[in-house]
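The chain contents come next:
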Amino acid sequence: MWEQIRSNRFRSAVLVSLMGTVLLLLGYFLGLFFFDSGTGGLVIALAVWAMMTLVAFFQGDSILLAVAGARKINRDDHPRLYNIIEEMKISSGLEKMPDVYIIDDAALNAFATGRNPDHAAVAITSGLLQKLNRDELQGVIGHEIAHIKNRDVLLMAMSAVLLGTIVILARYASRILFFGGMPRSRRSSSRGGGGGQVIVLAVAIVLMILAPIMAQLIHFAISRRREYLADASSALYTRYPEGLASALEKLAASSTQVKQANQATAHMYTVSPFRREGVSIETLTSTHPPIQDRVRVLRAMGGASYAEYERVFRDIKGRGIIPTSAVVAPAAVQTVAHVVQTEPLEQIERARETSDVLWRLNRYLTIDCDCGARLRVPPGFKEPVLQCPHCGQIHKIEATAGAPQ
Amino acid sequence: MIALWVTIGVIVLLVIIYVATYNRLVGLRNEVKNAWAQIDVQLKRRYDLIPNLVETVKGYMKFERETLEAVTRARNVALQASSAGAVERGKAESELGAALSRLLVVVERYPELKANQNFLALQEELTSTENKIGFSRQFYNDSVLRYNNQTQMFPSSIVASMTGFKPGEFFEVTAAAEKEAPKVSFTQ
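Residue numbers (numbering that gives the first Met the number 0), protein chains in the order written: chain A, 0 to 404; chain B, 0 to 187.
Because the hints were derived from the structure by calculation, they are not lab data. Be a bit skeptical, because a hint or two may be false.
Sample of chain A residues facing chain B (criterion: CB under 7 angstroms; computed from the structure) [what the hints assert, rightly or not]:
| hint | residue |
| --- | --- |
| 1 | Leu45 |
| 2 | Pro78 |
| 3 | Arg79 |
We put the CB at the ideal spot given by N, CA and C, even for glycine.
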């Protein structure tokens, strides 16, 4: 497992430095073009990048969680979810329990965040909590924990920051160029030597257009590789690839988009939060590999090791995905046989349970009346008693205050 | 002169390799210890849950005295074996796991028990503890494998034998029942 992380780091370092090079090139030529100084451009580019990196490193996770509308929960709020995450924490050998967040959203998705394994968080939508059974949920959580364990979170954040910097620089530069006309320095410095200037202009414009696209493609390439790796890790942690496979199928079948997702946060989710009809080929312009492929690989696995994932992946795709150093590690890893139960009753139970958690997070009080009705009392409710609208029984608010079951 | 420098260089290099190998071995051994402590935490949790479970279930299942006693007995045996080595402990714990899964199969015959909130919460705790035992064992065995590979493979095996690194014991489960039963019987 360690070897795998090391080899991952190397590959990712290459890709990230490639993006860094794109940023430096862009900065240099924009500087040369706008104020005749490549160094000045470099300084600006690096300053923007450094600022964004600092913010992303120290505040990134809280900003993302806030943007996604995630609410932190503890063990008592949802024991099963908490237990599942703890199980995956143990299985992956993660040292610290990540924070657990719930997003009130009917869409099915989950993501992990945090700058290192000691400051990590897992967020899942309430839709996911309702629709998935224990094994499926475990597969998804295993995938998220793998992102934390393999340090994908930090890598993807770094990559996203670089991408963001490049996009910002290119966009502002093009605005200035098209709406502000030619830069003043350039107009005044008509000391001849037009050939060199034309080249600089051409390079600057080409970079302005191409740099964001190139950076995006690199970002997507990093992201897709990570998704397959996290799937493989999830299979290894749970010893049960079918759980994740069946969860992914449910995710694919659901047609709800995540409300609070945008292009910048797309790479973080388990499956792409955007829905497009009929996307089945592995396109260059998506953060996630097609779900059908991921399911196909997981279903074809005869064991749960990295080696097995690699073998199946090669069979299906004709190329490898797992670093060779990791493939050798644990020899034969057996899957554990589970029985997947999908009783309709279970789903209703889960839906009820999830809505209870959400009500409680919104500080509503829940009272179970003897007639079977369940009353939700809003946090601003001032009356000392409440009459059940069904049977007329009087409930004391104070008496029932506190955490409902 | 050159020969001297080369000798010194080789010696320095050997020392560096020795130190690096030694440190890696220590790191791996600590990981094994840490993984073992994880299993321990979960096994203790199971010992603590069982009296509660037996207490809750007792009222409902008057005719299953034997099953309940078997669980309590297995728990006490496992508790006594808890200071023993991995192999011995594995045996005692598999007995307990088997007894527990028998109990949970029997529980299926008592629908009124499954309506008991207290029991459902306990059942989730027990399911999860069983899973956690499984997963921590899985991680422990992976750690032992990594550590043993390192102590037995050349050239780190030289350092290992010089400084007394002994291969670790795997935590095996003997009873077949334990391997699959708990999770199956209680997925809600």
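Against the structure, the hints:
no. : hint  : in the structure
1   : Leu45 : violated, 36 angstroms
2   : Pro78 : holds, 6 angstroms
3   : Arg79 : holds, 6 angstroms
Hint 1 from the list above is the single one not met by this structure.
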